[in-house]
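If you want the building blocks of each chain, they are given just below.
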Amino acid sequence: MTVIGARLPRAEDPRLLRGRGRFGDDFSAPGQLWARVVRSPAAHGEVRELDVAAARAAPGIVAVVTADDLPRNPVIPVRLAIAGTDLSRFLQPVLARDTVRYVGEPLAVVIGDDPYACEDAAELVGIDIAARPAVLDARQDPPRVAAELTRGYGDPGAAFAAAAHVVEIELAIGRHSGVPLEPRCLLAVPGREPGELAIFGMTKVPVWNRDLLAGLLGVDETLIRVHAIDAGGGFGVRGEFYPEDFLIPWLAIRLGSPVKWAEDRAEHLMAVNHSRQQYHRIAAAFDASGRILALTDDIIQDNGAYCRTHGVAVPELTVAMLPGPYRVPAYRGRVRVVLTNKTPCGTYRAPGRFEGTAAREHLLDVAATRLGLDPVALRERNLLTRSELPHERPISTLGTDMILDTGDYPALLVAAVGQAVRLGYRDLAAGPGRRGRRGFGLAMFVEKSGLGPQETADVTVSRSGAVHVYSGGTSLGQGIETVLAQIAADALGADPRAVRVTAGDTTAQPFGAGSWASRSTVVGGSAVHQAALAVRRRAIELAARVLEAAEEDLDLAGGTVSVRGDPAASLTLGDLARAAAPASGYLRDGEPAGLSARRRFEVSHMTYPYGVHAAVVEVDTGTGRVRVLRYLVAYEVGRAINPMLVEGQLRGGVAQGIGGTLLEEFRYDEDGQPQAVTFIEYRLPTAAEIPPVDVLLCQDAPSPGNPLGVMGAGEGGISAVGAAVANAVRDALGLPGSVGQLPLTPARVCALAGSIAGPVSGGPVSGGPVSGGPVSGGTA
Amino acid sequence: MSTHTISLRVNGQEHQLTVEDRRTLADMLRHDLGYTGTHLGCEHGICGACTVLLDGQPVRACLVFGVQADRAEVRTVEGLADGEQLSDLQQAFSDHHALQCGFCTPGFLMLAEAYLAENGTEALTEEQARELVASNLCRCTGYQGIVEAIVATARARRK
Numbered sequence: 001m002t003v004i005g006a007r008l009p010r011a012e013d014p015r016l017l018r019g020r021g022r023f024g025d026d027f028s029a030p031g032q033l034w035a036r037v038v039r040s041p042a043a044h045g046e047v048r049e050l051d052v053a054a055a056r057a058a059p060g061i062v063a064v065v066t067a068d069d070l071p072r073n074p075v076i077p078v079r080l081a082i083a084g085t086d087l088s089r090f091l092q093p094v095l096a097r098d099t100v101r102y103v104g105e106p107l108a109v110v111i112g113d114d115p116y117a118c119e120d121a122a123e124l125v126g127i128d129i130a131a132r133p134a135v136l137d138a139r140q141d142p143p144r145v146a147a148e149l150t151r152g153y154g155d156p157g158a159a160f161a162a163a164a165h166v167v168e169i170e171l172a173i174g175r176h177s178g179v180p181l182e183p184r185c186l187l188a189v190p191g192r193e194p195g196e197l198a199i200f201g202m203t204k205v206p207v208w209n210r211d212l213l214a215g216l217l218g219v220d221e222t223l224i225r226v227h228a229i230d231a232g233g234g235f236g237v238r239g240e241f242y243p244e245d246f247l248i249p250w251l252a253i254r255l256g257s258p259v260k261w262a263e264d265r266a267e268h269l270m271a272v273n274h275s276r277q278q279y280h281r282i283a284a285a286f287d288a289s290g291r292i293l294a295l296t297d298d299i300i301q302d303n304g305a306y307c308r309t310h311g312v313a314v315p316e317l318t319v320a321m322l323p324g325p326y327r328v329p330a331y332r333g334r335v336r337v338v339l340t341n342k343t344p345c346g347t348y349r350a351p352g353r354f355e356g357t358a359a360r361e362h363l364l365d366v367a368a369t370r371l372g373l374d375p376v377a378l379r380e381r382n383l384l385t386r387s388e389l390p391h392e393r394p395i396s397t398l399g400t401d402m403i404l405d406t407g408d409y410p411a412l413l414v415a416a417v418g419q420a421v422r423l424g425y426r427d428l429a430a431g432p433g434r435r436g437r438r439g440f441g442l443a444m445f446v447e448k449s450g451l452g453p454q455e456t457a458d459v460t461v462s463r464s465g466a467v468h469v470y471s472g473g474t475s476l477g478q479g480i481e482t483v484l485a486q487i488a489a490d491a492l493g494a495d496p497r498a499v500r501v502t503a504g505d506t507t508a509q510p511f512g513a514g515s516w517a518s519r520s521t522v523v524g525g526s527a528v529h530q531a532a533l534a535v536r537r538r539a540i541e542l543a544a545r546v547l548e549a550a551e552e553d554l555d556l557a558g559g560t561v562s563v564r565g566d567p568a569a570s571l572t573l574g575d576l577a578r579a580a581a582p583a584s585g586y587l588r589d590g591e592p593a594g595l596s597a598r599r600r601f602e603v604s605h606m607t608y609p610y611g612v613h614a615a616v617v618e619v620d621t622g623t624g625r626v627r628v629l630r631y632l633v634a635y636e637v638g639r640a641i642n643p644m645l646v647e648g649q650l651r652g653g654v655a656q657g658i659g660g661t662l663l664e665e666f667r668y669d670e671d672g673q674p675q676a677v678t679f680i681e682y683r684l685p686t687a688a689e690i691p692p693v694d695v696l697l698c699q700d701a702p703s704p705g706n707p708l709g710v711m712g713a714g715e716g717g718i719s720a721v722g723a724a725v726a727n728a729v730r731d732a733l734g735l736p737g738s739v740g741q742l743p744l745t746p747a748r749v750c751a752l753a754g755s756i757a758g759p760v761s762g763g764p765v766s767g768g769p770v771s772g773g774p775v776s777g778g779t780a
Numbered sequence: 781m782s783t784h785t786i787s788l789r790v791n792g793q794e795h796q797l798t799v800e801d802r803r804t805l806a807d808m809l810r811h812d813l814g815y816t817g818t819h820l821g822c823e824h825g826i827c828g829a830c831t832v833l834l835d836g837q838p839v840r841a842c843l844v845f846g847v848q849a850d851r852a853e854v855r856t857v858e859g860l861a862d863g864e865q866l867s868d869l870q871q872a873f874s875d876h877h878a879l880q881c882g883f884c885t886p887g888f889l890m891l892a893e894a895y896l897a898e899n900g901t902e903a904l905t906e907e908q909a910r911e912l913v914a915s916n917l918c919r920c921t922g923y924q925g926i927v928e929a930i931v932a933t934a935r936a937r938r939k
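Sequence lines, in order, name chains A and B. End of the first sequence = 780 in the working numbering, gap-free, step of one. End of the second sequence = 939 in the working numbering, gap-free, step of one.
The set of hints was computed from the structure by calculation and includes no laboratory data. Warning: the hint list may mix true and false statements.
As the list claims (entries may be wrong) - Chain B residues, not near chain A, derived (Cβ > 10 Å throughout): (1) S782; (2) E853; (3) E858; (4) R935; (5) R938.
Unchecked claim - Not the full set, but computed from the structure, chain A residues with beta-carbon under 8 Å of chain B: (6) E12; (7) R18; (8) G19; (9) A231; (10) E388; (11) G477; (12) G648.
Every value quoted in this text rests on a predicted model; they were computed, and no experiment measured them. Even glycine gets a Cβ: it sits at the ideal position worked out from N, Cα and C.
Using the sequences and the accompanying hints, generate a full structural model.
Here's what the structure looks like:
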């Protein structure tokens with residue numbers, strides 16, 4: 001029996017559908033106090049005075065703390081350190097003391113017995129800041145560079161000098177972020193021992209956060225227990241260690257009371273990691289037939305005011321992943337990480353790949369126009385072929401060597417184009433628009449997944465026969481409980497409904513590495529697979545003793561071990577758990593009790609899924625509105641544990657990508673005041689903006705790097721949305737060059753339409769220079 | 781800050797309590813009465829995660845004061861299932877993978893429940909369902925499963 005590959009209903013669904021999920025703000029503790037963070041109203045300035053007297057005297061207020069009250073002024077270190085960069089001067093203190101560097105930076109915390117009273121009192125804190133000029137454009141001269149990274153190989157200069165064609169574009173990627181629907185929340189409950197804490201609300205990397213917190217508080221890490229909870233979406237931003245992740249537990253210990261903090265949406269939009277904002281100047285050299293000779297990209301990343309836990313991971317991933325699925329003989333990518341007086345940046349789903357894919361794939365479409373080639377044909381000419389894989393790039397990323405491990409890139413491109421034609425994308429794009437001009441766009445990308453170095457899983461069978469999995473991953477909505485249950489059930493010959501998964505409890509699984517970087521199924525799942533196989537061997541070993549049979553005569557299926565040819569001689573997993581219980585006569589002298597196993601799965605290299613996105617858009621040149629009419633994702637995942645969940649990840653990623661490409665943008669005014677602090681200004685896409693998404697899910701290239709053959713699925717839905725939609729808009733408008741900037745807001749689209757108003761008005765209703773080209777390449 | 785003593789029924793259960801006049805219905809349901817299935821995603825009436833039925837009408841519980849529910853009948857997500865049995869709409873959400881993190885889900889369920897109760901005898905096209913669903917925000921699913929689940933429930937209820 002295999003349950004891998006089955007579209008099983010999710011184990012998480014019943015509780016979530018009944019309102020029985022337990023999210024951050026659903027936890028409370030007797031005697032709990034509430035906290036409200038007082039944040040800087042200025043983008044940049046010197047803190048002259050914080051007058052907290054009135055706030056302290058307000059009704060219901062227990063304490064107000066500022067940086068002066070902290071034991072030492074702790075700063076939050078980098079989690080993902082990249083060799084060769086020293087960011088120690090740019091780290092964020094948990095409370096600003098002398099200088100504030102962005103609107104929303106924590107200055108003080110008000111603690112009281114009621115959240116409404118805390119919010120009232122927070123407004124009574126007198127803040128006197130001598131404003132300094134705010135740096136809001138990372139391209140200003142001279143830039144405040146926190147780090148500069150270069151990745152590459154070969155001699156791009158020589159290649160450009162010898163090229164038949166050189167094509168260069170600029171593309172700016174807007175500032176947006178994950179924006180999970182549940183704001184952050186944290187409850188810290190002191191225990192009986194000094195320093196003992198129960199924490200509710202940390203996700204993503206709970207063990208790392210626990211260890212960091214223990215170090216900052218100066219307590220043993222096992223005194224702190226981070227509990228597994230439901231999280232209302234992660235997307236990279238939730239669960240990193242923020243200032244509040246120190247402040248709330250520290251206050252709980254200092255005050256000797258449970259302290260709870262629940263941010264509001266305005267806080268979230270200016271306090272949680274922003275992402276994406278980059279300026280690309282990307283160029284490619286081609287020979288006369290359109291083969292890439294070299295690729296260069298010079299990037300400025302607007303990193304905001306500080307370097308947070310991700311350090312320079314996003315810019316590093318951008319330059320490391322930039323060559324994508326193509327044969328690039330020479331490459332140089334440089335990125336300068338520039339500090340500005342805006343919210344600091346971190347990772348957001350497909351960090352660096354959304355941005356780099358947009359720049360590279362938009363460049364290829366512009367190049368196809370310049371070279372007079374079909375965009376699909378240009379890509380086919382340059383894709384690494386199956387026989388060229390595995391392909392080692394002399395680039396490292398996140399401390400690992402980049403080896404594009406497996407697959408058939410040209411075959412997936414052919415399949416995707418064929419699917420788009422079959423589904424009528426070509427006809428739709430060529431047809432007359434109802435409210436504007438239509439266009440088709442396509443983009444190809446390589447993702448990365450399964451980052452190591454390890455994940456640990458415990459699998460244990462209880463006396464009832466239930467199988468318990470304790471994973472270091474965390475439940476963020478991705479369905480990890482369902483996926484790991486399927487993996488354990490498959491290895492153990494058990495019913496997946498009998499498997500209970502606990503994900504992200506630091507006491508139940510103290511060696512977990514967390515859920516991020518599309519690693520949970522690949523690395524976490526492989527650890528569960530190995531632990532469950534070990535439990536299976538243990539069950540057979542014990543059954544052989546109980547049944548007095550030879551191990552090789554035993555089968556385990558359906559949660560039962562039986563003697564082959566003698567079905568009456570059988571034992572359930574529950575029977576065997578009892579046979580392994582302490583004081584069981586079946587245990588040998590000195591043998592540990594329990595039907596359980598712990599396994600650690602190690603990986604030294606990531607695995608690289610890949611995909612193709614295709615979009616049909618309609619651009620209203622009068623209003624500037626872009627509607628995505630159809631969207632296709634073709635994705636190679638190696639092996640899908642539960643295809644329904646993989647498709648869900650891809651569809652959800654597309655929706656977020658469309659948001660970042662057309663709607664979502666953190667803008668600032670000239671003083672550095674954020675202009676998007678509610679969902680009125682920060683425009684998440686609704687069902688009205690998201691079309692049905694077609695998915696072509698391929699399982700043709702199992703990963704060689706793990707026993708399940710799986711590759712990650714968390715990010716492939718978003719990686720190429722900026723690229724595909726930008727290419728489709730360019731096609732619709734018949735632009736000769738780049739769209740220039742994402743998101744493609746109505747004002748920018750109107751400006752683009754105006755820039756080609758002359759030729760367009762005299763041209764065909766739908767289509768410019770490359771209209772119809774992408775899908776007419778004859779690959780179907 | 782003045783307070784008021786009010787009484788209301790939540791999912792058929794009688795409650796009497798004293799609340800500050802400025803306390804929102806959402807905070808009252810969640811923190812005073814323990815109905816934590818109603819979620820707060822924005823507290824300014826855009827996301828719809830806190831949608832509950834107030835005398836049968838869907839409202840944003842973050843934009844309604846608790847005192848406005850005096851003598852009212854409130855229905856929350858906890859009131860949808862029949863014991864351990866999911867409602868047809870809840871089951872359809874699971875069948876169509878209409879939820880991932882599940883944080884927005886109670887709001888979509890209550891919104892759809894109100895719509896179907898009012899318009900249950902009429903056919904629901906996908907376009908109409910999409911328009912309905914566009915009043916709330918989901919960050920995980922891309923909405924496709926939500927639309928499909930509501931259309932399927934409407935179809936099944938008409939039979």
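Hints and how they fare:
1. S782: Per Cβ check, S782 (chain B) is outside 10 Å of chain A; nearest 13 Å; holds.
2. E853: Correct as stated: the minimum Cβ-Cβ distance to chain A is 17 Å, above 10 Å.
3. E858: The claim is violated: E858 (chain B) sits with its nearest Cβ about 5 Å from chain A, within 10 Å.
4. R935: About 17 Å separates R935 (chain B) from the closest Cβ of chain A, which puts it past 10 Å; holds.
5. R938: holds, 22 Å
6. E12: holds, 7 Å
7. R18: Status holds, d = 5 Å.
8. G19: Holds: closest Cβ of chain B sits about 2 Å from G19 (chain A), inside 8 Å.
9. A231: holds, 7 Å
10. E388: With Cβ-Cβ at 34 Å, over 8 Å, it is violated.
11. G477: This interface hint holds because 3 Å falls under the 8 Å limit.
12. G648: Holds, about 5 Å.
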